[in-house]
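Number of protein chains: 2
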Amino acid sequence: MKLEKIILASAATVLAIGAGSAFAQFQNAEKAIEYRQSVMTIINTHFGRIGSVVKGTAPYNKDDVSKNAEIVVMMSTLPWQAFGPGTEGGKAKPEIWSDNAKFKAAADKMQVAVANLNTAAQSGDLESIKKAFGAAGQTCKGCHDDFKKK
Amino acid sequence: MKLEKIILASAATVLAIGAGSAFAQFQNAEKAIEYRQSVMTIINTHFGRIGSVVKGTAPYNKDDVSKNAEIVVMMSTLPWQAFGPGTEGGKAKPEIWSDNAKFKAAADKMQVAVANLNTAAQSGDLESIKKAFGAAGQTCKGCHDDFKKK
Numbered sequence: 010m011k012l013e014k015i016i017l018a019s020a021a022t023v024l025a026i027g028a029g030s031a032f033a034q035f036q037n038a039e040k041a042i043e044y045r046q047s048v049m050t051i052i053n054t055h056f057g058r059i060g061s062v063v064k065g066t067a068p069y070n071k072d073d074v075s076k077n078a079e080i081v082v083m084m085s086t087l088p089w090q091a092f093g094p095g096t097e098g099g100k101a102k103p104e105i106w107s108d109n110a111k112f113k114a115a116a117d118k119m120q121v122a123v124a125n126l127n128t129a130a131q132s133g134d135l136e137s138i139k140k141a142f143g144a145a146g147q148t149c150k151g152c153h154d155d156f157k158k159k
Numbered sequence: 010m011k012l013e014k015i016i017l018a019s020a021a022t023v024l025a026i027g028a029g030s031a032f033a034q035f036q037n038a039e040k041a042i043e044y045r046q047s048v049m050t051i052i053n054t055h056f057g058r059i060g061s062v063v064k065g066t067a068p069y070n071k072d073d074v075s076k077n078a079e080i081v082v083m084m085s086t087l088p089w090q091a092f093g094p095g096t097e098g099g100k101a102k103p104e105i106w107s108d109n110a111k112f113k114a115a116a117d118k119m120q121v122a123v124a125n126l127n128t129a130a131q132s133g134d135l136e137s138i139k140k141a142f143g144a145a146g147q148t149c150k151g152c153h154d155d156f157k158k159k
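Taken in sequence, the protein lines are chains Y and A. In this text, residue positions in the first sequence follow the numbering used here: the first is 10, and each later residue adds one. In this text, residue positions in the second sequence follow the numbering used here: the first is 10, and each later residue adds one.
What the hints contain is simulated information worked out from the structure, not anything from laboratory work. No experiment lies behind these values; they were computed from the predicted model shown. Any given hint could turn out to be false.
For chains that are exact copies, the list does not tell them apart, and a pair is met inside one copy or across any two.
To be verified - Under the rule of at most 25 Å between Cα atoms (straight-line distance), these lysine to aspartate or glutamate pairs were calculated in the DMTMM-like manner:
{"id": "1", "residue 1": "K150", "residue 2": "E97"}
{"id": "2", "residue 1": "K118", "residue 2": "E136"}
{"id": "3", "residue 1": "K157", "residue 2": "E39"}
{"id": "4", "residue 1": "K64", "residue 2": "E39"}
{"id": "5", "residue 1": "K100", "residue 2": "E43"}
{"id": "6", "residue 1": "K157", "residue 2": "E43"}
{"id": "7", "residue 1": "K113", "residue 2": "D72"}
{"id": "8", "residue 1": "K113", "residue 2": "E79"}
{"id": "9", "residue 1": "K40", "residue 2": "D72"}
{"id": "10", "residue 1": "K40", "residue 2": "D108"}
{"id": "11", "residue 1": "K40", "residue 2": "D154"}
{"id": "12", "residue 1": "K118", "residue 2": "D134"}
{"id": "13", "residue 1": "K64", "residue 2": "E43"}
{"id": "14", "residue 1": "K113", "residue 2": "D154"}
{"id": "15", "residue 1": "K118", "residue 2": "D108"}
{"id": "16", "residue 1": "K102", "residue 2": "E43"}
{"id": "17", "residue 1": "K159", "residue 2": "E43"}
Go ahead and model the full structure; you've got the sequences and the hints to work with.
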């Protein structure tokens with residue numbers, strides 16, 4: 010099973026579980042908002058560290074980039090459970106709920122892109138990392154443009 | 010290699026890398042504080058979900074508890090890098106830096122305890138989960154008593 014398939018399967022499980030079980034229950038909308046913002050902070054930190062390498066402002070070190078990519082992949086499955094019904098607020102646009110299928114498609118796209126970034130990171134080929142980083146960054150931007158308030 | 014050894018080795022790597030490389034650099038203290046608080050929010054969420062099962066306020070479901078325990082273990086390696094020199098602030102007591110060896114020992118203890126919780130969670134034995142949850146909770150409390158402002 011390819012990594013992106015594992016990630017998608019894992020994400021699908023999280024989303025499916027999220028529908029009705031104790032796995033994904035938040036006490037209230039504020040807790041859900043705090044949670045998803047926390048996940049995004051961690052993704053942003055580690056994705057940004059890879060970005061510094063890609064932009065040449067930090068030296069390339071395979072182990073560091075690999076570790077950062079692994080964390081981004083792990084974290085990429087988590088935020089979606091915190092966008093359940095009744096958790097509107099924060100920087101989330103209402104379209105997350107009114108056009109949920111589009112939001113879920115964007116979430117899936119991001120998870121595949123960061124899985125590809127992780128594959129590139131583990132390979133140690135900086136050119137592949139740069140390409141995969143750019144593609145992953147586009148999925149962040151695309152989803153934020155549509156679903157995140159400025 | 011036992012899981013707790015893997016976790017400890019991994020944590021040691023993170024701490025070692027954290028000393029000087031791009032892996033663990035934060036732009037400023039505020040970014041480090043935001044990061045470590047975000048990690049704690051996520052740990053608290055998933056640890057709390059296991060707690061609800063342990064306390065009997067949520068039904069026991071092996072898959073849910075296993076998934077929550079896996080996330081706690083993953084996250085347990087992350088906060089320490091964000092307590093580097095010059096990152097004082099937030100709810101962190103100065104003893105984190107003035108008695109850093111004690112803080113690191115407490116951090117290691119927590120990581121072993123949540124690794125044990127994960128082992129119990131994967132086994133599916135609720136009594137073991139309860140015991141391991143209690144032990145892990147004690148390491149949270151112990152460290153917070155010594156190093157976190159009220």
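Status of each hint after checking the structure:
1. Taking identical chains as interchangeable, the C-alpha atoms of K150 and E97 lie at most 25 Å apart only when both belong to the same chain, with a minimum of 20 Å there against 32 Å between chains.
2. Proximity of K118 to E136 under the C-alpha cut-off of 25 Å is restricted to the intra-copy arrangement: shortest distance 21 Å within a copy versus 40 Å between copies.
3. Proximity of K157 and E39 under a CA criterion of 25 Å is satisfied in both settings, with 17 Å inside one chain copy and 23 Å between copies.
4. Taking the closest pair of Cα atoms, K64 and E39 come within 25 Å of each other only across two copies (23 Å); inside a single copy the shortest separation is 36 Å, beyond that limit.
5. Proximity of K100 and E43 under a CA criterion of 25 Å is satisfied in both settings, with 11 Å inside one chain copy and 17 Å between copies.
6. In this homomeric assembly, K157 and E43 come within 25 Å of each other (Cα to Cα) both inside a single copy, at 15 Å, and across copies, at 20 Å.
7. Within a single copy, K113 and D72 get their C-alpha atoms only as close as 32 Å, which misses the 25 Å cut-off; across copies the closest is 23 Å, which meets it.
8. Taking CA atoms no more than 25 Å apart as the test, K113 paired with E79 passes in both settings, with 22 Å inside one copy and 24 Å between copies.
9. Taking the closest pair of Cα atoms, K40 and D72 come within 25 Å of each other only across two copies (23 Å); inside a single copy the shortest separation is 34 Å, beyond that limit.
10. Proximity of K40 and D108 under a CA criterion of 25 Å is satisfied intra-copy only: 23 Å inside one chain copy versus 33 Å between copies.
11. Within a single copy, K40 and D154 get their C-alpha atoms as close as 24 Å, and across copies as close as 24 Å, so both meet the 25 Å cut-off.
12. Taking the shortest Cα distances, K118 and D134 sit within 25 Å of each other inside one copy (23 Å), while across copies they are farther apart (37 Å).
13. Taking identical chains as interchangeable, the C-alpha atoms of K64 and E43 lie at most 25 Å apart only when they sit on different chains, with a minimum of 24 Å there against 30 Å within one chain.
14. Within a single copy, K113 and D154 get their C-alpha atoms as close as 15 Å, which meets the 25 Å cut-off; across copies the closest is 41 Å, which misses it.
15. Proximity of K118 and D108 under a CA criterion of 25 Å is satisfied intra-copy only: 16 Å inside one chain copy versus 45 Å between copies.
16. Both within a single protomer and between protomers do K102 and E43 lie at most 25 Å apart by alpha-carbon distance, with minima of 16 Å and 23 Å respectively.
17. In this homomeric assembly, K159 and E43 come within 25 Å of each other (Cα to Cα) both inside a single copy, at 17 Å, and across copies, at 20 Å.
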